[in-house]
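Protein chains: 2
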Amino acid sequence: MAKMTPRTLSGFMELLPAPQQQMERIMEVLRQTYSLYGFTPLDTPVIESSDVLLAKGGGETEKQIYRFQKGDADLSLRFDLTVPLAKYVALHYNDLSFPFRRYQIGKVYRGERAQRGRFREFYQADIDIIGDGKLDITNEAEIPSIIYKTFSTLGLKRFQIRVNNRKILNGFYACLGLTEKSGDIMRTVDKLDKIGAGKVKVLLMSEEIGLTEEQSDEILKFISITGSNEEVLAALEGYKGRDEMFDTGLAELNTVVKYLAAFGVPAENFAVDLTIARGLDYYTGTVYETTLLDHPEIGSVCSGGRYDNLAEYYTDKQLPGVGISIGLTRLFYVLGEQGMLNPELPTAPADVLILPMTEDLSAAISLATQLRENGIRTQIHAEQKKFKAKMNYANNLAIPYVIFLGEDEINAGVVACKDMVTGEQTKLEAAATIYRIKAGLAEREKGSVILG
Amino acid sequence: MAKMTPRTLSGFMELLPAPQQQMERIMEVLRQTYSLYGFTPLDTPVIESSDVLLAKGGGETEKQIYRFQKGDADLSLRFDLTVPLAKYVALHYNDLSFPFRRYQIGKVYRGERAQRGRFREFYQADIDIIGDGKLDITNEAEIPSIIYKTFSTLGLKRFQIRVNNRKILNGFYACLGLTEKSGDIMRTVDKLDKIGAGKVKVLLMSEEIGLTEEQSDEILKFISITGSNEEVLAALEGYKGRDEMFDTGLAELNTVVKYLAAFGVPAENFAVDLTIARGLDYYTGTVYETTLLDHPEIGSVCSGGRYDNLAEYYTDKQLPGVGISIGLTRLFYVLGEQGMLNPELPTAPADVLILPMTEDLSAAISLATQLRENGIRTQIHAEQKKFKAKMNYANNLAIPYVIFLGEDEINAGVVACKDMVTGEQTKLEAAATIYRIKAGLAEREKGSVILG
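The listed protein sequences correspond, in order, to chains A and B.
The C-terminal position of the first sequence is numbered 451 in numbering that gives the first Met the number 0, with every residue numbered one higher than the one before it.
The C-terminal position of the second sequence is numbered 451 in numbering that gives the first Met the number 0, with every residue numbered one higher than the one before it.
In case anyone wonders, no lab produced these hints; they're calculated from the structure.
A few of these clues could be false.
Intra- or inter-copy, both count: the list cannot distinguish identical chains.
EDC-like, lysine to aspartate or glutamate: derived pairs with alpha carbons at most 16 Å apart [said to hold, decoys possible]:
| no. | residue 1 | residue 2 |
| --- | --- | --- |
| 1 | 389 | 135 |
| 2 | 200 | 213 |
| 3 | 156 | 423 |
| 4 | 384 | 135 |
| 5 | 133 | 382 |
Please model the complete structure; the sequences and the hints are all you need to start from.
Spelled out as structure tokens, the structure:
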């Protein structure tokens, strides 16, 4: 028979078992952390009707989307988790209680140009808090806590949550009479890190944007306000009283900073940063980016912000919210590239491999059942293979314990158990062996998924 | 602005938060159980190249598949998890260790005619053990143990794992000289439960199948062998020695039954059943179905079997395996319809709702941080709403504990905590409150997801 060459589409991540185990650990940390903050899991369809998914329409989205006909239906694969959330909240509004906190970890699809580290199918891990009509600033203040808890539980230490408030930016530009140009300005200022202040000034004064030198200098002076959170906030006090929106934004930012310590966020993992704007017009209050201090080139690994109107394309209800998103597949790829995934954590499919040394397997099987009842992940290697091949199997998969069970052990009521790392071998009763294995496993599980 | 009416496509399950929590619990049980048996999680793309996915080609599959063009690429959504596994094992053969045990819980897509209880997007939860060249019968004997552990952990009691062996059936039909008609015969015999022995006989003797009365009687006599496992096996002994394949199948079935007790499967949850065949030609050895004794109308909720050649369309390597699949979305739907989902288990997004009674929220936030550090899922209700509205929020979501924190409590170093079920209210230090809440939560978690 002619064979079809097996292949996986480019831009689609398909992991081998060991890295998949690492990915699963990360997902489990996300689920646990999001749950701790009172977010409920949601799962919406991957396929939606195109008219629903594209209600907002336009732009890059439409070009990248996977859209197709099935029978009479015009269907599309979701390209983010925000539009499905908007649809969900509008559709199920009467069945939900607000503020509505949900998390969703799911695959989304964008037919981007294939290139290294870019994915067409990728996981997003989103949380959002949706208010009905109003949403208190405390929710915006809580977000850095969730980001901190997530990344620190994963094992990251050197990361920084950078926070700004769009009302401050919009208010400031209003003072300069530049409200209409604020989008262009923010996009330009966003390049500060990459191209430097000089080039930003040139761009601001270019024909396209058309600021005066004075205006440009004002802006550069403003966004160059840096220092500790207290220093930045103190400097911003100097701009107060000129624009109502600015003042509201500054009050919000003060609240966010005020509650940081109570929310358990260390000062070194947080920075007020006036250059953060997030591109989208969608955001209207606090905005967030999260950078790895040793890998600024990666960009933000967790971003989001406050918005005023989640579901405006589906309902007249005012549904303000605040949310953040982790591009999980890309993050996982980058962590792997940077060697930041902890190789010490177990990735084996099992904790114990039992090698039966008798024809009748009843004793080996009973032992496996006993191990499993004690929460120990167990395989029985019952294939007709040489001893050495079976030990290689355990070694290749990094299974930490191998148990040999022959007539002698069965008659003596013990099991021979080898620690595959230390080489130490014990002959103990099953219960004592289980105790020892569980202690060893707990020790091995102590590390975190991510190094750094 | 004109609004787009939000809607979810028919045939796509989209759950409200409370049932979603139940679904998450079921998935967690599946992940845990599959892991206990040494299966490693895999995650393959939802989209594959159509030529890869349809290498086997033909039949219903091609009609139901979601297939579309994107740029130059002819793409399809996976319609099961078996074909992607075959591709995966063939593609990554050199990086895997065999026997390869994997589980996968993922969405698959079939554009079936929409009808009640039928889904176009649904979760399958599959496990498979793939051998390289050979695979020992012990693996087939282990499968009932995994099915038993899965469903009993979910809380089901009255279910039965029904097992047969295709070699027994094929060998028996070979004895009767009916090898070529065995497919037709098995499909007809499969209807025994529904239409009865008389009508099965009529069909077997119909022009289409064309058996003699003697042959039909022989078949009906054979498949009416019932009784305890020992009785059925004893009756089968009487057919031994006439066909090699039959004898092999009977030896395999004896092995499967022999190890049941060691694998921890109670006799009442297991039955040798000669009417089980599974439609597909694909299966070559032990086959499994699982039925709910009080709901036979649901059909099998977990099925599978032994096959000889997983990846024949992709590789010359002989890759025998054994696997089972749970149609999770349909199972969940049916359990809900039958009222079998335990309403007592917590489905709230949080364990504790904190109602701050002070303007400054620092104390409430610090308490929330402390609760979360103790693994308690916590929300702070900081909205500007009346007390009653906040209590309604807790009630509507069935949040089990509400904590009130006012000046008095803060000054006294205590928190007021209300058990929303008993109405009991305590004023204790935070640590004592946490202890009490954790004990209460452990109690609430004691039930199983499924009733019956």
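_Within a copy, between copies, both or neither: which one fits residue 389 and residue 135 at a CA-CA cutoff of 16 Å?_
between (60 Å within a copy, 14 Å between copies)
*Intra- versus inter-copy proximity for residue 423 and residue 156 (alpha-carbon distance at most 16 Å)*: Classified as neither: same-chain Cα gap 35 Å, cross-chain 42 Å, threshold 16 Å.
*asked:* With identical chains, the pair residue 384 and residue 135 could be close in the same copy or across copies; at 16 Å between alpha carbons, which is it: within, between, both, or neither?
replied: Between copies only: 10 Å across, 65 Å inside.
*Using 16 Å as the alpha carbon limit, work out where residue 133 and residue 382 are close: within a copy, between copies, both or neither.*
between (63 Å within a copy, 8 Å between copies)
*Which holds for residue 200 with residue 213 at a C-alpha limit of 16 Å: within a copy, between copies, both or neither?*
within (10 Å within a copy, 97 Å between copies)
Taken one by one, the earlier hints fail for this structure only at number 3.
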